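Novice: Which chain is which? The protein sequence lines are E and H, in order.
Position 165, counted from 1, in the first sequence is what the working numbering calls 165; the numbers after and before it change by one each time, with no gaps.
Position 60, counted from 1, in the second sequence is what the working numbering calls 60; the numbers after and before it change by one each time, with no gaps.
These are computed hints drawn from the structure, not numbers from a lab.
Only a predicted model underlies this, so the values are computations on that prediction, with no experimental measurement involved.
From the three backbone atoms N, C-alpha and C, an ideal C-beta is built for every residue, glycine too.
Please note: incorrect hints may appear among the correct ones.
Partial pick of chain E residues on the chain H-facing surface, computed with a CB cut under 8 angstroms [as the list claims (entries may be wrong)]:
#1 PRO31
#2 ALA33
#3 GLY36
#4 GLN108
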Amino acid sequence: MRTLLGVVVAAVIGALLWWGIQTKDERSELPSALVGRAAPAFDLELLPGARADWGERLDLSDHLGKKPIVLNFWASWCYPACYEEAPILQAAWLRYHDRVLFVGVNTQDELDKAEKFVEQFGITFPNVYDPRGRVGIDYGMYGVPETFAISAEGRVLERFAGTISAEKLEAMVREVLP
Amino acid sequence: MKRQVWLLVLILGLAGAQTVGNEPPPDLSPQVFEIAKKLRCPVCRGESAAESNAGVTEEMRRQIAEMLAEGKSEDEIIQYFVDRYTEWILYEPPKRGLGLVVWLAPVIGLGIFGFGLYSYLRVASRRAAELEGVSEEELARAEAELGRDDEGGAPS
Numbered sequence: 001m002r003t004l005l006g007v008v009v010a011a012v013i014g015a016l017l018w019w020g021i022q023t024k025d026e027r028s029e030l031p032s033a034l035v036g037r038a039a040p041a042f043d044l045e046l047l048p049g050a051r052a053d054w055g056e057r058l059d060l061s062d063h064l065g066k067k068p069i070v071l072n073f074w075a076s077w078c079y080p081a082c083y084e085e086a087p088i089l090q091a092a093w094l095r096y097h098d099r100v101l102f103v104g105v106n107t108q109d110e111l112d113k114a115e116k117f118v119e120q121f122g123i124t125f126p127n128v129y130d131p132r133g134r135v136g137i138d139y140g141m142y143g144v145p146e147t148f149a150i151s152a153e154g155r156v157l158e159r160f161a162g163t164i165s166a167e168k169l170e171a172m173v174r175e176v177l178p
Numbered sequence: 001m002k003r004q005v006w007l008l009v010l011i012l013g014l015a016g017a018q019t020v021g022n023e024p025p026p027d028l029s030p031q032v033f034e035i036a037k038k039l040r041c042p043v044c045r046g047e048s049a050a051e052s053n054a055g056v057t058e059e060m061r062r063q064i065a066e067m068l069a070e071g072k073s074e075d076e077i078i079q080y081f082v083d084r085y086t087e088w089i090l091y092e093p094p095k096r097g098l099g100l101v102v103w104l105a106p107v108i109g110l111g112i113f114g115f116g117l118y119s120y121l122r123v124a125s126r127r128a129a130e131l132e133g134v135s136e137e138e139l140a141r142a143e144a145e146l147g148r149d150d151e152g153g154a155p156s
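Based on the provided sequences and hints, a complete structural model is requested.
Specialist: Here it is as structure tokens:
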């Protein structure tokens, strides 16, 4: 009986140790304080490449509550995650641009590098420039890349941390579509 | 005289060098770092927003400084970050709910260990006391009987 108890205790301690040393991306497991709440607005300068179509600045409050929005935080130094998801985001934008607004938030980056990234992937949805990363904190962002789904009513429905797959993005878009 | 002046300069220089690295950058007040110490770095493991050099924590410290300049209290500033990141952002878990379990875990662990040790010592001392009451002759007889059993062996 005593031996059995010892084995059980050792097994429990071993299982706890094994669980503790597992390397996992805890960002995706962390809750977002924003889900269910009104999406924070911001007014930021657009990256130069987007100005011809969207003007000098983008004020998100002009779009919140009018159309669903997919908000993506990225940076040119975020390799490979941001590089992997950029073509996925552009493809989804081309497909849904008439029903969903995609907005990129370039975070804590250098302007020329950010612009080069946009050119490299031929990104045509508007991207704002946030060198301080202020908007990221407003959205409770843990690190780039992160993607938020905002409903047509202007509420955050979901946050996805990490490289987004085409399937996941499609699911997010469907979630925000009225 | 000249030598004494140089010595004084050297001593003052060394005294100044002692504080380098322990003080926050001159553009942010120590109060900013005191508050940042209570917040976690969102992109690091086991570092507070005061210690980390990550870009996001630089911005957090800048925002703390701005809010202090606006006259906000420490509680209001911490709540600002909790509103955006949940209580996960607190460097020390809150002393309630699940956070209380984290705070009490060492005490509970120590209690279980102490109880186990106490139980073991009590049983051990009781056995020792029982043995003390046995005479030398009884012990010798018991040992002889045990020896006889061993010689007989278990049936194979």
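Novice: With reference to the structure, classify each hint as holding or not holding.
Specialist: Hints versus structure:
1. PRO31: 6 angstroms, holds
2. ALA33: Hint holds; ALA33 (chain E) Cβ to chain H Cβ min 5 angstroms, cut 8 angstroms.
3. GLY36: Since chain H brings no Cβ nearer than about 12 angstroms to GLY36 (chain E), farther than 8 angstroms, the hint is violated.
4. GLN108: 4 angstroms, holds
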